[in-house]
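**Student:** Listed below are the residues making up each chain.
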Amino acid sequence: MESGPLAGGTAGMDAEASRRQLAAALWRVAAGDRAALRIVYQDTSAKLFGVCLRILHDKSEAEDVLQDVYVTVWRKAAGFDPGRASPITWLVAIARNRAIDRLRSSAVTRRIEPIEAADAVSDPAPVAVERVELAQQHQRLARCLEELEARHSAAIRAAFLDGVTYEEVAQRMSVPLGTMKSWIRRGLLKLRTCLEG
Amino acid sequence: MSENDTMDPADDGNLIAAEYVLGVLSAEERREVERRLVREPTLAFEVAFWEERLAGLTDAVAPVSPPYATWSRIETAIGIAPRPRSVWQSLTFWRSFAIASATLAAASIAALAYIGLVPGARAPLMTTLSGSAGQPNFVAAVTATGNTLVIVPAALLTNDPRAFELWLIPTGETRPRSLGLIQPGQPIRLEIPSDLLSRVTPDATLAVSLEPPGGSPTGLPTGPVIAAGKLTNL
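Quick mapping for you: the protein sequence lines, in order, are chains U and H.
Residues 1 to 197, numbered by our numbering, are exactly what the first sequence covers, in order.
Residues 1001 to 1234, numbered by our numbering, are exactly what the second sequence covers, in order.
Just so you know, the hints here were simulated from the structure itself, not pulled from any lab data.
A quick note: this is a predicted structure, and the numbers were derived from the prediction, not measured.
Backbone N, C-alpha and C define an ideal beta-carbon position, used for all residues, glycine too.
Worth double-checking, as some hints may not be accurate.
Simulated restraints, written as ranges between beta carbons of each label pair [what the hints assert, rightly or not]:
{"#": "1", "chain 1": "U", "residue 1": "Pro176", "chain 2": "H", "residue 2": "Phe1045", "range": "28 to 36 Å"}
{"#": "2", "chain 1": "U", "residue 1": "Glu196", "chain 2": "H", "residue 2": "Glu1173", "range": "37 to 45 Å"}
{"#": "3", "chain 1": "U", "residue 1": "Thr179", "chain 2": "H", "residue 2": "Thr1042", "range": "26 to 34 Å"}
Far from chain U, some chain H residues (derived; all Cβ distances over 10 Å) [to be verified]:
{"#": "4", "residue": "Arg1162"}
{"#": "5", "residue": "Gln1183"}
{"#": "6", "residue": "Pro1187"}
{"#": "7", "residue": "Leu1197"}
{"#": "8", "residue": "Pro1213"}
With the rest of the complex left out, here is chain U (with noise of 0.2 Å):
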């Protein structure tokens, strides 16, 4: 019964509410609601859609990613598990992984960019989805990105964001090969103590 508009407010509160409704809608979903799927897409389509741009640097080919993506969800929001992952998590997983299979198959002209552009990111205004998010994971892993070595974070971020192949990431950042699996490898296993711990 409260009220208001779902974008104000930026309490913890307020997150976890977010997050539970877009459980719930995923739920509905899975029922075979299309009435949630839209809202599911409302609350979601922004983000996602910025994650596949990213990644393919093609309009249209995200586009028809993003099409993919929620199409997928409509036919496999039954399998989401709310004690598995967060829905935005289980969401932005099929995203990107969808965007990555379709970088790879193609066809999508690479554009090769120095590393610093990848680390010349935005920093966008909060919005819903965003706050479906559990700030305190990500300020956990904020923190534990800086304990890395910069370029190993760095060489981290940029193949997360980009969904590029470790060829391209020691192209980009002008090492061998092996030096850069070397960078990323370490800086993965002390990220996950990190995490862990």
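Given chain U, put chain H in place with the hints provided.
**Tutor:** The following block gives chain H in isolation, referenced to the frame of chain U:
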């Protein structure tokens, strides 16, 4: 991954899940991981761990609104897609639902009788709130004046200890508004809050969720939605 392993002796193969989530593997390696995921729960767990922990990195990506036409394309694609297989059917909860079309008809008549079929300028709004596989669980009707709603159970529900809460999702909005608690075993008449009167329109959605006793503590659905339907003019 054998070639990669030889290139970095420090890697014992435990990082394949992280590498998969990170996205640094080739198409072939990705398919191999996906084949293993099906039969290796430990690997699936690792992938879930990294997906959850790294998802925060996407906060750095600015959201971009997709073109308007994308949603239409999705709707079209879904229109021709098969209905999703629902796991709800496997939940024990659903086994206790007794569904009979005769009950539905009786509920519809009861709902109309409760609101009183008064001829007027405005037709009453009605909907059947269905669950998975489309089975009707409730019938709801809104009076012609728009301020009273009657909801009648159309199926025999179990004695679930949870509360049944009714929600309105106005047309074009994403946020469910609570209309109050209802009873699974008897018709309930609810007064629609004055601030929601204008939002009870054709195409608005009514939904019932299972909540802790006393109703949702957050003001938004916290439990599974067991029935939903769109209002239409009678």
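**Student:** Give a verdict on every hint.
**Tutor:** Tested hints:
| no. | hint | verdict |
| --- | --- | --- |
| 1 | U/Pro176 to H/Phe1045: 28 to 36 Å | 33 Å, holds |
| 2 | U/Glu196 to H/Glu1173: 37 to 45 Å | 40 Å, holds |
| 3 | U/Thr179 to H/Thr1042: 26 to 34 Å | 30 Å, holds |
| 4 | Arg1162 | 14 Å, holds |
| 5 | Gln1183 | 18 Å, holds |
| 6 | Pro1187 | 22 Å, holds |
| 7 | Leu1197 | 14 Å, holds |
| 8 | Pro1213 | 16 Å, holds |
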